[in-house]
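**Student:** Now for the letters of each chain:
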Amino acid sequence: MAISLQKGGNISLSKEAPGMKKMIVGLGWDVRSTDGDGFDLDASAFLLNNTGKVRSDADFIFYNQAKSADGSIQHAGDNRTGDGEGDDESIVIELDRVPADIEKISVCVTIHDAEVRRQNFGMVSSAYVRCVNADGNTEVARFDLSEDASVETAMIFGEIYRHSGDWKFKAIGQGFAGGLGPLAKNFGVNV
Amino acid sequence: MAISLQKGGNISLSKTTPNLKNVLIGLGWDARSTSGDDFDLDASVFMVGSSGKVRSDADFIFYNQLRSTCGSVEHTGDNRTGDGDGDDESVKVVLDKVPSVIERLVVAVTIHDAQARNQNFGMVRGAYIRLVNIETNDEIVRFDLTEDASVETAMIFGEVYRHNNEWKFRAVGQGYAGGLHALAVAHGINVQ
Chain A
1 MAISLQKGGN ISLSKEAPGM KKMIVGLGWD VRSTDGDGFD LDASAFLLNN TGKVRSDADF
61 IFYNQAKSAD GSIQHAGDNR TGDGEGDDES IVIELDRVPA DIEKISVCVT IHDAEVRRQN
121 FGMVSSAYVR CVNADGNTEV ARFDLSEDAS VETAMIFGEI YRHSGDWKFK AIGQGFAGGL
181 GPLAKNFGVN V
Chain B
1001 MAISLQKGGN ISLSKTTPNL KNVLIGLGWD ARSTSGDDFD LDASVFMVGS SGKVRSDADF
1061 IFYNQLRSTC GSVEHTGDNR TGDGDGDDES VKVVLDKVPS VIERLVVAVT IHDAQARNQN
1121 FGMVRGAYIR LVNIETNDEI VRFDLTEDAS VETAMIFGEV YRHNNEWKFR AVGQGYAGGL
1181 HALAVAHGIN VQ
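One line per chain: the protein sequences are A and B, in this order.
Mapped onto this note's numbering, the consecutive letters of the first sequence carry residue numbers 1 to 191.
Mapped onto this note's numbering, the consecutive letters of the second sequence carry residue numbers 1001 to 1192.
If we strip away everything but chain A, and leave its shape as in the complex, we get (with noise of 0.2 angstroms):
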């Protein structure tokens, strides 16, 4: 049963979807009918350790670097407009194979050129950010972005962390000023 989650709102892992192995993150948005450019959504992951920050660049996945170097997340490849049914973009954490010392990972979306654009998530039709399990195609938990996360340009959409043993998840819902660059900076990526 997908939980549709309001700004600050939060599930257990374990209790929405106990022992998922490999989760999607799936990120949609209508393409723009109005005038001006397009709207471009990133989907981004960062693989964190028990400082809260990554390992090194490589644990940044995003569309220009778009497999972790243990294979265990895969970023399917950048929408640049919304364009196609179902999912835009889509990240799949294979969690069985997320090295030992990675104890969270942070998924995050982003407006391409936010700033220049002048775009929010308020100004895209259908934006939404979602955590599918794979095994069943069954979604764990949604977020509304054009409604709830409005006025944002950058947002922290939730955890992945370990807790004894257990993968659960954390929905964030955060908005993060600045985009991109400041995001990954804020998680120890050189930029």
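These are computed hints drawn from the structure, not numbers from a lab.
There's no promise every hint is true.
What the hints assert, rightly or not - Once the Cα atoms are required to be at most 30 angstroms apart in a straight line, the calculated DSS-like pairs of lysine-lysine come out as:
(1) B:LYS1168 with A:LYS170
(2) A:LYS104 with A:LYS22
(3) B:LYS1015 with A:LYS170
Here the structure is a predicted model, which means the values were calculated and not measured.
For this one, chain A is given, so just place chain B on it according to the hints.
**Tutor:** Relative to the frame of chain A, chain B by itself:
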């Protein structure tokens, strides 16, 4: 105490104004101070369902079709110059009477004869959309359009929409260079 929204922002009308029944959507802009043809801005409303389209041309409320068949949406008439204080054009909505299949009331403004007069929204000053509780005359929310010069001749100012059983308002401020034609086609109107 009116809330001022920025572009892309939204608020819950049901939360800010519980029991809101009759809403006035007011639109305003400054009359032209420089020489040239007056700006004749026209307000219109597209009543759309989940498809984002109207059910029929009767769901397009504008100066030549002032009232929706259900009576929930009523345009109060054409202002051709922007003259006068306060709202230049307005639309009244009786929320309870909006048919349940209608999910959004898209409030748009178009520049009459934009092509012929060589006008666009970049030249218009002081444009805003606001919602007023008709019963109390209190302004609930306002969105001031303060964009840089733009080439649009038709603009969606805002939307009154349903979400999770509430009525909400979103500040849109996005438009079409193609004018009323492009706007109407985008919402499913049969345009010659």
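**Student:** Indicate, hint by hint, whether the structure satisfies it.
**Tutor:** Structure-based check of all given hints:
{"no.": "1", "hint": "B:LYS1168 with A:LYS170", "in the structure": "holds (28 angstroms)"}
{"no.": "2", "hint": "A:LYS104 with A:LYS22", "in the structure": "holds (15 angstroms)"}
{"no.": "3", "hint": "B:LYS1015 with A:LYS170", "in the structure": "holds (27 angstroms)"}
Going down the numbered hints, you'll see the structure goes against none, and every one checks out.
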